[in-house]
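Residue numbers (the numbering used here), protein chains in the order written: chain A, 1 to 474; chain B, 1001 to 1330; chain C, 2001 to 2261.
Simulated from the structure, these hints should not be mistaken for laboratory data. Because the structure is a prediction, the values reported are computed rather than measured. Treat the hints with care, since some could be wrong.
Not everything, but these chain B residues come out facing chain C in the computed CB check (under 8 Å) [stated by the list, open to error]:
hint, residue
1, Trp1013
2, Asp1192
3, Ser1207
Covered stretches of chain C, going by a simulated chain A footprint (3 or more residues, C-beta under 8 Å) [unchecked claim]:
hint, stretch
4, 2051-2058
5, 2216-2223
Only part of the chain A face toward chain B is listed, based on derived beta-carbon distances under 8 Å [to be verified]:
hint, residue
6, Leu97
7, Met162
8, Ala169
9, Gly188
10, Phe190
11, Ala221
12, Ala224
13, His227
14, Asn240
15, Gly243
16, Leu246
17, Ala260
18, Ala267
19, Thr319
20, Asn357
Idealized CB from N, CA, C, for every residue including glycine.
Chain by chain, the residues:
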Amino acid sequence: MIRRAVSTLDQRTGAGSILGKALKYVFPDHWTFLFGEIALYSFVILVGTGIYLTLFFEPSTSQVVYHGSYAPLRGQEISKAYESALDLSFNVRAGLLIRQVHHWAALTFVAAIVVHLMRIFFTGAFRKPRDLNYYIGLTMLMLAVLEGYAGYSLLDDLLSGMGLAIGNAVALSIPFVGGQLGTLIWGGRFPGTEAFMSRLFITHVLLLPVAIGGLMAVHLAMVATPHHTQFRGRGRSETNVVGTPLWPAYALRSLGLFAAVAAVLFALGGLVQINPIWQWGPYEPYLGTNGAQPDWYLGWLIGALRLMPHFDVVLGSYTVVPNPFWGGVLFPLLVFGFLFAWPSIERRWSGDRAQHNLLDRPRDNPRRSAVGAALFTWVATIFFAGSADRAFVQFGVPYEGQLWAYRAASFVLPLLAYLLVKRMCEALRRSEGHPGEGSAPVIVRPAVPHAAERASPLVDQRPTAGHQARSPHK
Amino acid sequence: MIARLIRLGRWLWRIAIAGVLLWLRRGKEPLPERELPASPRAEKGVAALLVGAGIAGAAFALLYAFDEANTQLLGVAAAVALGLLAIALIVASHAIVPQETLSEERPRFADPAAERGTEVEDVAMRAREGVDGITRRRLLGAAGGAAAVGLGAAAAAPLASLGPRVGDRLRESPWRDGTPLVDENSRPVLADDLTVGGFLTAFAEGSDKRDLASSLVVVRVRPEELELPPERADWAPEGLLAFSKICTHAQCAISLFRYPLFAERSPGPALVCPCHYSTFDVLKGGRRIFGPAVRPLPQLPLKIEVGHLLAAGELSGAVGASWGGVEEGS
Amino acid sequence: MRRASRLAIAATALVLAFFAAGSLARPPSQSTSRPSPLVEEGRTLFEEGCSSCHGFSGKGVEGRGPSLIGAGEAAADFYLRTGRMPLNQVGDEPLRAPPHYPEDEIRALVAYVGSLGEGPAIPTVEPERGSLSEGMQLFDESCAGCHGTGGKGGVAIGGYAPPLGAATPTQVAEAIRVGPYLMPRFSAAQLSDAEVDSIARYVELTREPDDAGGWGIGHIGPVPEGLIAWLAAIAAILLVARLIGERGAGEPTPKRGEPRR
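For reference, chain A alone in the conformation it holds in the complex (with noise of 0.2 Å):
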């Protein structure tokens, strides 16, 4: 029967050797190598659930008096598309359960996304051939960030309006073009014209959507053509792929992480309140609540906002860098910046341009790993700044003096990370002592010498205790 399937499907297709080598194909089975699915099912749940919610949200801003269900906002002008939000999550059938099930989702895919990145950056897994890839993955998040504030900021509540205040500021304080680039896309002075929440409605549904979708076939395909890397160990090369084949062993484990993140998600969205939009009220120009913050994966903006101190850039009377580029936009290009240029940065400081399909733990490039825990630690500080106003109401730590802490920490802390990672890789490298000893590993070399063999004499050859330095391989 399964012979019949496969037969009718290869006469129309010519699918046959395809399907072959899909079901043989070989999966590395690390646990960490399940990061970056985890990222996918949440999206895919995103969209799932998305689609349901287009089916009842209406992107409005007209006004209408809330004659609805829950009584504190009865008799108030609030928007359709406020009113639409609050109708779906009172008056539909697990109407509530399906928003906070993809707004869970939202959260649980940008921070999949970092895992994996943290993973991806400490293994060395970006390094080529697959440093395109890797590009492609920063964009994805870099979407993804977007996609969520568009999304939230659609219900047109009283926080995620404060924050679109925030971001139309950040758009004007582009220098030169800021200010043609607000008023373009919110179609004038903020709130902007009714075509605005349209358009942002669109993007959301449709434009981010669709292009995150698509890099993601991109990002799946280029991680298939060269195969997914590996750790070292025994049997593992170079050139070759060790682990589990795609079918049935591995594809039942993805499908059960599926169901599992599902679970998890719905769990969540049933269990814990998140987003409760009917009590901020909804969003005016003149209203402002105190404790307003962004959804988590935009709280390093916010806190470099308000950790910035206080000087724009003013030439006569022109001002040509307002103050919220430094923490709105400076800050965030800074990171993905450097992000980019890692693979090049890397390839330059350590003279190895070979191509690499094995991967390193963190511990075997001290300096990599170090200079990802500086980076990591310094936007973790930054982010943790942000709520610093909540830990004065909760822990009656004083505000002005947890700024003035947290603008010394972000310089002190990410050297401090740097220093101490590099010291504890390098310790845990000495402590393994020498490789000979223990399980000999068979490593299948290339024929032909690697580029990494003719080793530019600026690489960093110092000897650990245990190993013995020898001339490179001829």
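Based on these hints, arrange chains B and C on the given structure of chain A.
Chains B and C alone, transformed into the frame defined by chain A:
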């Protein structure tokens, strides 16, 4: 309470499964090999899990149809169904289906040192062959570049229709000399509405309340406290001060007013923005005293006629966040 | 007459005199001749515990404490019942604490402070007569900037806007009229008593908001939501991944310059 118990239960279940799987997977090695681990016990377990998932899924459908849209129960039913399915699939993938470790050759492409280098040469040569026989390559190239720039500009130009002219829009304001102040219900604001230490939100009569330039925050201080610059000496009748409500940092509404009950041992009167905590001194005409804002808060001169508050001029600066065309210190 | 009956008549006369005096007694703030016993008790307590900063007769002490003349019963009642006064140290920010004085002493002190000039009496608040919808709107316009829309408190640079969970309706109304510490003041012309009723009713709601979505996780928005996403969702899913996949991160990358075996 029940929600917490449910989550605790799920954690315990996960740990139990973890224990089971760890026990099943002890001592595995990743060499090419094939194992058939299926046992009647494992198969029965997976079957039970799948049936359980099916029951939970049916429960979801029934709850949806017959219960009053209880989000929590629906969520738990869905989570249990998906969770049992996940466990069934994972247990099956380790303990039922054949376990294989295979080794596959990687495709080797464009390795600078490998044989496939010739393919790169082929591609490069083919590309170069495409321009055989063309003599004026530079001329054609330059002309092509000119065409690209022109056509690119033509393609990008219509984008500008999406937005209006910048400077006029960002500088618009409904405030003129004599414009009355109204509250959220469009009723006139009276001077007596505010007591010393009070604050309220006001708008320009007849304007759209969503217009950033329209919204004001009006506060009252004791006239003897004022320290306004000389050119604004008459901007605050009876100690009433009006400022734009929109923060000059990132355009949030300035909705905090602090006014000390005992000025000798407290910070002075100020307006604070809740987004990044830019603080503006009201006694000195809206000057920034804390936070990331740079430009002072635009102040509106006031006058009182027949007890009503009216504007006595225009705002002292541009409303909202700074952009390239705004003047510093305005 | 017998001595006993003379005593009886004198006692009766005394008792009648007291009743007469009592029925003629005016509210403390209007008393001009003889203050009531409550006010007297309050004066004694005041001189013991408050005059070092607020001065004798509540005139205030420069650099230490404000004058309480005209502060009214509302202010005294608010500060004493919420334990904000007495302060431990001059210049401290008054924060909610268990009241320092027992109930009867509070009443005495309130009566005394109320007798100093004309100040606002303790407001009568009837939250059940207020409108939730009006209350939410007014709260968002006038209060949320410091206290947050959910009444969970906030930063007011230079001060702390407290969470409102412990505030009784009377205290809400008192704070609105008095404007304690750095809080602004709202007169009856700006917020009528009926509007204050509505605000008090809304504040009561914020103690138990409608959590249709499940566990409210503090009602302060994206910060706890992000914590749950990382510490619950991602942690659980990573655990599942660890159960599915292989553990052990393989073997060391040989250092540059070493032969590969």
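Each hint tested on the structure:
Because the smallest distance between the Cβ of Trp1013(B) and any Cβ of chain C comes to about 11 Å, over 8 Å, the interface hint for this residue is violated. The beta carbon of Asp1192(B) is positioned within 8 Å of a beta carbon in chain C (closest approach about 6 Å), and the interface hint is therefore held. Because the beta carbon of Ser1207(B) sits about 17 Å from the nearest beta carbon in chain C, more than 8 Å, this interface hint is broken. Counting residues of the stretch 2051-2058 of chain C whose beta carbon lies closer than 8 Å to any beta carbon of chain A gives 0, which falls below the threshold of three, so the coverage claim is violated.
For the stretch 2216-2223 of chain C, the assignment as covered by chain A holds, since 7 residues bring a beta-carbon within under 8 Å of that chain's beta-carbons and 3 suffice. Annotation: Leu97(A) was flagged as interfacial toward chain B, and the flag holds, the nearest CB pair being 5 Å apart, inside 8 Å. Here the hint on Met162(A) is kept, as its CB sits about 5 Å from the closest CB of chain B, short of 8 Å. Against a cut-off of 8 Å between C-beta atoms, the interface hint on Ala169(A) holds, since the closest Cβ of chain B lies about 3 Å away.
Checking Gly188(A) against chain B: minimum C-beta separation of about 5 Å stays under 8 Å; hint holds. The beta carbon of Phe190(A) is positioned within 8 Å of a beta carbon in chain B (closest approach about 6 Å), and the interface hint is therefore held. Here the hint on Ala221(A) is broken, as its CB sits about 13 Å from the closest CB of chain B, past 8 Å. Violation of the interface hint for Ala224(A) is found here, the shortest Cβ-Cβ separation to chain B being roughly 10 Å, above the 8 Å cut-off.
Contact between His227(A) and chain B, as hinted, is supported at the beta carbon level, the nearest pair being about 5 Å apart and thus within 8 Å. Satisfaction of the interface hint for Asn240(A) is found here, the shortest Cβ-Cβ separation to chain B being roughly 5 Å, below the 8 Å cut-off. For the restraint placing Gly243(A) at the interface with chain B, the shortest Cβ-Cβ distance is roughly 7 Å, inside the 8 Å limit, so the hint holds. With a cut of 8 Å, the hint placing Leu246(A) at the interface with chain B is violated, because the nearest CB-to-CB distance is about 10 Å.
Using the Cβ-Cβ criterion of 8 Å, the hint placing Ala260(A) at the interface with chain B is satisfied: the shortest such distance is roughly 4 Å. Because the beta carbon of Ala267(A) sits about 4 Å from the nearest beta carbon in chain B, less than 8 Å, this interface hint is met. Checking Thr319(A) against chain B by beta carbon gives a least distance of about 5 Å; that is within 8 Å, so the hint holds. Checking Asn357(A) against chain B: minimum C-beta separation of about 6 Å stays under 8 Å; hint holds.
Violated hints, in rising order: 1, 3, 4, 11, 12, 16; the structure is consistent with all others.
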